[in-house]
Amino acid sequence: MLGAFLAVVVATGTTMLLVGWLASWGRTPDPTEAHWSTTLPVLGGHEPRVHAWNRFHARYYPMALVLMAFEMEMMFMYPWAVVFVEVGGRALVEMGVFLALLSLGVLYLWREGGLSWQ
Amino acid sequence: MTGLAVDIAFWTFAVAAAWFGWRVFRTDSMVRATFCLLASFLNVGAIMVLLLAEYLGVAMFFMMSVEMVVMAIFMVAFMMNPAGLNPMEMVHQPRAAIAVGIGAAVGLGVVAVVADLPPAALLDEAGTIRALGNELMGASMLLMEVVGVTLVATMVGAVVLSSASGRYGSADTGSVPPLLDPDDPDSRPDLVSADGEGDAHAGHGGHGGHGGHG
Amino acid sequence: MTIVTVLLASAVLLGLGTWGVLSQQSFVMIMMGFELAINGVMLAAAGVWRFTSGGEPRGQVLVIVAMLVMAVEAAIGFALVVAVYRARQQDTTEGIAELSR
Amino acid sequence: MTGELAAPHPVLGAVVVLGVLLVGTAIVTTADAVVADRVARRGLDLRASLVRPWRRIALSLVRPQPATERPDWGLWVLAPAAYVGMAAMAVSVLPLGTDWAVADVRTGIVVLGSAEVLAMVAVYLHGWAPNSPLSLVGAYRFVAAGLSFLLLSMFVLIAAALPAESMSLGRIVASQQEGAWNVLRQPLGLPLFLVVALSVSLHGPLDMADGTDLATGTVAESSGPARLAWEFGRRAMLTAYALATAVVFLAGPAGPVLPGWAWLAVKTVAVAVVLVWCGHRLGRIGIQRYVRIAWTVLLPLSFLHLAISGVAALA
Amino acid sequence: MAVMDRLRRVAATAPVAVSVALGHGADAVLADLRADARVDVTASPRHATVLVVAGHVPAAAVAALGRVHDQVPAPRATVVVDGDPARLDLPAATATTRAALVDELVRVHAAVVTGQRHDSPVGPADNPVDWQGIGPHGQGGEGMMGGVPWGRPMAMPPTVGRDGLALDRLALVVGPFLAVLPPMLEVEVGLQGDVLEEVELRTVPPDPHAPTPPPTPVDSGLVALAELLALVGLGALATTAARLARTPDRRVEDVAALRRRIDRPWGLRLGTDDLDRLDLPGVAPDPTDRWRDWLASAASTAVGDAHHAPEPVATDEVAAQLVGMEVGHAVLTLATLRPQLAASAVAPAVSS
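Chains as they are written, first to last, in this note's numbering: chain C, 1 to 118; chain G, 1 to 214; chain U, 1 to 101; chain F, 1 to 315; chain B, 1 to 352.
Excised from the complex, chain C in its bound form (with noise of 0.2 Å):
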């Protein structure tokens, strides 16, 4: 088993290392020896006049919350998949007891307008 994740790690860093040096081709490590004019950031003509990198408000913030919460549903199902067959349909309305308890979450979310742009 340890042996097909050395090669999924292997595959993966090998991967990264070569489009990682692709990627770093030519760059100009020090933003400040650049030519100024030239580093400003696309516009369409005007310097900015504050850096990008500010407290940026995501407008789906209480769906990100609810989703967390959500997908901890993920660890029980997928050791559910691989025993659905062997325990039969006792395991087909357990989850779905599960997950229609999960998506009375949902649909308050949906309900309270968490889908929305805030």
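Hints were generated in silico from the structure; no laboratory data involved. Because the structure is a prediction, the values reported are computed rather than measured. Backbone N, C-alpha and C define an ideal beta-carbon position, used for all residues, glycine too. Hints should not be assumed to be uniformly reliable.
[To be verified] Now the stretches of chain F that chain B is said to cover, found in silico as 3 or more residues with beta-carbon under 8 Å:
#1 50-62
#2 152-162
#3 208-215
#4 260-271
#5 282-288
Following the hints, position chains G, U, F and B against chain C.
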């Protein structure tokens, strides 16, 4: 993989997990801090795979990546100067914290070395996932349903706490703008207080809900 | 890799997490400290499960529960941060203390 | 094909994965150029369609990567590397022939899911790194989409694991050879998974991060080899997901006469061409509408899909 | 190096990656470039090799043009269509005519790629704001928010947000040469997250003594349609629309065929159906209806009907409608108003 290779891998991952864990609190950029924490989680996940908890280890990758993306969103949203462009220290009681941290680590380390845990190797290395599934469908069934209720409560709680307007009126009534300089109580900008205008529509789901006001 | 080395690694993570929780001022950074500590706990639980339980599946369930705690903590924690920020426009513990006076 | 699949040496495996990504990218790029010229009715100069993308690649290689005012170089380089790396991770757990995979791990679909989520991290970092407003908006837009399509992809993959009684993708193929192909017994899964494939590989109409309406969003500040690396990543990701679609729904290497890898290639190319064609005929959907549809239409559909698959697996 | 030389030779035959800076009355050039397979019109100047300046660029926009010029990665070149490079402060630029444009572009592109031509940046080499070395970390100021790291101040103090969360507001002026916006339009936005919280819309008017542009030989509605198609990611269909726009004797069937391919729920309407309806005098409220009007007008002018010039709109009224929109929505909404905005740039409408 042989025992030596596993040992080398373990130490690599363990040192990386600790190093990234340390970097979390030593980087100025919040995005870097968040994804250092993710890197720490990923290394622990890799150790779990080495511990033959294959499912748990891989699931760590999955779960923690989602959690850290959400974390990054909130870090950037709520930390002033999220990229650390203008470096600053946001710590208090640093010495005590270091002492307690080292104390905790050493104490637990001593317990780990001294405690004589009876070894009992895995009986069925290939069947760990299936065993977990049967456990969840059998003995831990109740736990799973309790978890379900907990998660629903979490979701509802998160929505209630975070949404702009609940059924008891706008959540920001009486809010005050922040101090520009934390040490100077007079630096609060004189702004119009939030009167909830513009978010009256936020309580209705399903549509984009943008009026021409705001 | 033995139970001792795994527990040592988890102790280091736990110590780092504790240090973070105690030293950081901002809510979100404190939550990062908690998560790092829970990370150590999960590693310890996985190690104990591997080396001393004989494959008892409840050991794995324990790790899942730790992950669950982390997710719930993060979700409610962030929601609280939003609520507090909305009410007080503050994101540090000191800020809250000052304003409560 | 009941036991675990055979695996080559890890180094050979890495070469195979890279080869699959490169060949897949070449095919996707070519298909993209040909479909674009067909849709534009530029006449039937097939040779021009075939040559143009390679010249564009050469142009990218000789152009420089300009600096922005204060970028995060480390993350800017890490992002494309991680994005392609995740495509490689996905390919490494997929069966590539009748009886072999680079790594037939037992938790294959979880690895696939992890690759998807980490790809989301990579896209976010790619938008964050240049310190440019439009890139940042693209990154956040993609995270909104990513948090929405994540659940779909998980449910679809879990449904595929039900009849296989395993999370291994090799077993998922085997279960389709023993029973019916998943495209028949889990009919809702294929369209749902195609939505995921388009979203995660940033291809139209679901290219949320790199949309032309944001002056190409996260890639707006990139040029030269760095941009080439990112575009390679998009197409490599499309390849990986077309491959995953072929494996999960079209029984991967199964088929008469031809060897397994050839069947897999045929099915993958067919899926990839469909995806590319969608990109040239369907307009980009707004992000709010996307999120709304994903949660209120596609998520209930994926529940239904899970129920159908569960009943079918027990029957 | 032999490999790089060979790569350069291949690269010289690639489609010319062009960033187009549009002045007033330049629709014809834009349509030419979109329709030609030898040219790739890029959405960002960073992706371009050659900058094309088309139409009348007012003196007020010359500085902005210089910044866009510098954003094209070096080596770069500029080609000015039917204009005077010296007036634009781009001394190295090549002047050409619309008829010879694409051939000239191919030539200039080959020269740039093979290293025979490079127009120097026209902007300052160093940040005019003196920030280095000031403050404990060289960030240019004292305190948490007092610095000007890299010569740029920290974000403005938070103000009240639409949903009560007062997070930082990005103050930006977008345009007048951003390819995703209609030409000569400047949008001053206060961006909180990806939502426009404050919007001010300005058109850069032509210079008082500017030569009257000749009547455009292309159908402006179809050019606008091509731009809209490009914005929703349908670049190939945009080519078709641009080709139709510059065909003087286009057939009604061709326009109808284009409409059949895009006017379907899964076509262009996937992008425009969801846009907010507008409440503006003289403008169809439904965004999809607006581009349907362009197609209808293109079909009727093809058979010789009188062509209706679009009515100008008041920019402040448009701006008011954009408040609260997500960036992508706002961009598409402005694209559906392209003919009206072009009209108001020349003859501003008064707010009703």
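Of all the hints numbered above, which does this structure not satisfy? Sort the numbers upward. 2 and 4
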